[in-house]
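Q: The lines below spell out each chain.
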Amino acid sequence: MTTVTTVTTMRQKPPPDGRFEGRRVVVTQCQDFMGPAITSSFNQEGAAVLADSWNLHSPGSSEALIAQAGHIDILVLNLMLRNPRTSLLETTDALWEAQFEATVHPLYRLICAVQPQMIDRRAGEIVAIGSNNGLRGIAPRSAYSAARGAQLSYVKAAGFELAEHNVQINAVAKNFVSNPSSYPEEITSSPGFAQCLAEVPAGRVAEGWESAALVLFLAGSESDFFVGQVFSFSGGWQT
Amino acid sequence: MVGRLDGRRAVVTEADDFMGPAVAELFREEGAQVFTDKRDLTAPGATEALITEAGRVDILVINLSIPNPRALAHDTTDAQWEMVFDRIVHPMHRLTRAVLPQMISRRAGKIVVVGSASALRGTPNRSCYGAARGAQHAYVRNVGLEVAPHNVQVNATGQIFVENPTYFPPEVIGTPELEARLRDVPARRLSTSREAAAFILYLAGSESDFISGQIFAYAGGWVV
Chain A
1 MTTVTTVTTM RQKPPPDGRF EGRRVVVTQC QDFMGPAITS SFNQEGAAVL ADSWNLHSPG
61 SSEALIAQAG HIDILVLNLM LRNPRTSLLE TTDALWEAQF EATVHPLYRL ICAVQPQMID
121 RRAGEIVAIG SNNGLRGIAP RSAYSAARGA QLSYVKAAGF ELAEHNVQIN AVAKNFVSNP
181 SSYPEEITSS PGFAQCLAEV PAGRVAEGWE SAALVLFLAG SESDFFVGQV FSFSGGWQT
Chain B
1 MVGRLDGRRA VVTEADDFMG PAVAELFREE GAQVFTDKRD LTAPGATEAL ITEAGRVDIL
61 VINLSIPNPR ALAHDTTDAQ WEMVFDRIVH PMHRLTRAVL PQMISRRAGK IVVVGSASAL
121 RGTPNRSCYG AARGAQHAYV RNVGLEVAPH NVQVNATGQI FVENPTYFPP EVIGTPELEA
181 RLRDVPARRL STSREAAAFI LYLAGSESDF ISGQIFAYAG GWVV
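Residue numbers (my numbering), protein chains in the order written: chain A, 1 to 239; chain B, 1 to 224.
Note that these hints are calculated values from the structure, not bench results.
Just so we're clear, the structure is a prediction, and the values are computed from it rather than from any experiment.
For each residue, glycine too, the CB sits at the ideal point set by N, CA and C.
Do not rely on the hints blindly, as some may be mistaken.
What the hints assert, rightly or not - Distance ranges between label pairs, derived from CB positions:
hint: 1; chain 1: A; residue 1: His-165; chain 2: B; residue 2: Arg-107; range: 55 to 63 Å
hint: 2; chain 1: B; residue 1: Ala-180; chain 2: A; residue 2: Ser-190; range: 37 to 45 Å
hint: 3; chain 1: B; residue 1: Ser-105; chain 2: A; residue 2: Arg-121; range: 49 to 57 Å
hint: 4; chain 1: B; residue 1: Gly-7; chain 2: A; residue 2: Arg-121; range: 14 to 22 Å
hint: 5; chain 1: B; residue 1: Arg-97; chain 2: A; residue 2: Leu-95; range: 49 to 57 Å
hint: 6; chain 1: A; residue 1: Phe-193; chain 2: B; residue 2: Ala-73; range: 18 to 26 Å
hint: 7; chain 1: B; residue 1: Asp-40; chain 2: A; residue 2: Ala-123; range: 40 to 48 Å
hint: 8; chain 1: A; residue 1: Gln-68; chain 2: B; residue 2: Thr-175; range: 43 to 51 Å
hint: 9; chain 1: A; residue 1: Arg-122; chain 2: B; residue 2: Arg-194; range: 19 to 27 Å
hint: 10; chain 1: B; residue 1: Arg-107; chain 2: A; residue 2: Glu-21; range: 49 to 57 Å
hint: 11; chain 1: A; residue 1: Ile-187; chain 2: B; residue 2: Glu-82; range: 49 to 57 Å
hint: 12; chain 1: A; residue 1: Phe-193; chain 2: B; residue 2: Ala-180; range: 50 to 58 Å
hint: 13; chain 1: A; residue 1: Ala-67; chain 2: B; residue 2: Gly-7; range: 45 to 53 Å
Said to hold, decoys possible - To list a few chain A residues with every Cβ distance to chain B over 10 Å, as calculated:
hint: 14; residue: Gln-44
hint: 15; residue: Asn-55
hint: 16; residue: Tyr-154
hint: 17; residue: Gln-229
All chains should be modelled from the sequences, with the hints used to inform the complete structure.
A: Structure follows, in structure tokens:
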């Protein structure tokens, strides 16, 4: 029997200081995944946030979103589709394609659409919210993991390509972070969840603002020397 | 931003070298009380004495370096090899061993090892130096997971192409040799020491409490 101790230390979010005052930020799929926490942190830091909830699967929607947003300093690519857990053989073409349509193809289209204005201004920050599933295997989640892996590989290549234009693209690969899509309250408070946490050295689920703090660091000017890099954020589950 | 380390006590080793000056300056601006230590940490008992003198240590920045690390593998003597490990590797373990008990008992503490990208990507003339820097990273990966359940976080950077008095001093900036090396760096420039210190500050602050046992390349894309 494994004894699981859940860490209950209360964590205080540091007070905001307006460091994104006047910055224009787009956050996609703002109601899902890390959207609420990231939108809230940027708002508290004074940014002008366009929190978008369009369905980005439909043709032309990515390009239309960028056109409508106008001047964009920071693009947060928060894309998520909660696929059913299926074995390899149960993963149909339709499930596979739906996953890539929701999380991979919009990532590529949004980056292509926003890059001209960022290159013109020689300034821009793009942060993709990825998953540790792109780095460490989990069964049975083959389609989800493959799509998350594709996101990270794209970020690495695109980040190198745009670095010389002073446009930075990086990704956070997270797991065990509180969010409405993958770790809603009904999961994290369920009796079986303590056993899941036994695999996490930090022994807890991170609060949304903690993960958002890394996104804000990567979206700020202090991190301009990071390009095409993937930052694991998982309490030591995947380092 | 100011005040991110208000009330925190930080120790920075070899404070005149490598990232010492930039880290100490930024941490002080953010409100930390910084003990800038300059002693030779290879002497017996020096690391333990440092931690004892410092008292409560909330943040330990393990900043260790040697000047001129270049040497061909077949020219590297046993004495040189041991000197590099004596300066870069062994004090890291002794400092960590000395400070962990107080951090574990408070259920709070941060250790940041200022490492090198030479542990992450090979180049000629760096076999011994790269091996020592690699030992730092392997140590951090393991200790970081060991102490994470105690709410203590241990992480490392792997930096290169960062302005600093030890490896990228003002006299090399703008030289043809450096310009040629920068063609292999996607960011096409050196990082200021202040930018690099900002990431060390992130790893030393409470916003990164969910990160432990991790290695972060800091290299403008030369390695990720």
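Q: Against each hint, give a clear statement of whether it holds in the structure.
A: Results for each hint:
1. His-165/A to Arg-107/B: 55 to 63 Å: violated (45 Å)
2. Ala-180/B to Ser-190/A: 37 to 45 Å: violated (58 Å)
3. Ser-105/B to Arg-121/A: 49 to 57 Å: holds (51 Å)
4. Gly-7/B to Arg-121/A: 14 to 22 Å: For Gly-7/B and Arg-121/A the Cβ distance comes to about 39 Å; the hint is violated.
5. Arg-97/B to Leu-95/A: 49 to 57 Å: For Arg-97/B and Leu-95/A the Cβ distance comes to about 51 Å; the hint holds.
6. Phe-193/A to Ala-73/B: 18 to 26 Å: Given range 18 to 26 Å: violated, Cβ gap about 51 Å.
7. Asp-40/B to Ala-123/A: 40 to 48 Å: holds (44 Å)
8. Gln-68/A to Thr-175/B: 43 to 51 Å: holds (48 Å)
9. Arg-122/A to Arg-194/B: 19 to 27 Å: At roughly 20 Å between Cβ atoms, Arg-194/B and Arg-122/A fall inside 19 to 27 Å, so the hint holds.
10. Arg-107/B to Glu-21/A: 49 to 57 Å: The hinted range 49 to 57 Å is violated for Arg-107/B and Glu-21/A, with Cβ atoms some 35 Å apart.
11. Ile-187/A to Glu-82/B: 49 to 57 Å: Holds, since Ile-187/A and Glu-82/B (Cβ atoms, about 52 Å apart) stay within the stated range.
12. Phe-193/A to Ala-180/B: 50 to 58 Å: holds (54 Å)
13. Ala-67/A to Gly-7/B: 45 to 53 Å: holds (48 Å)
14. Gln-44: holds (13 Å)
15. Asn-55: holds (31 Å)
16. Tyr-154: holds (14 Å)
17. Gln-229: violated (4 Å)
Violated hints, listed in ascending order, are 1, 2, 4, 6, 10, 17; each of the other numbered hints is respected by the structure.
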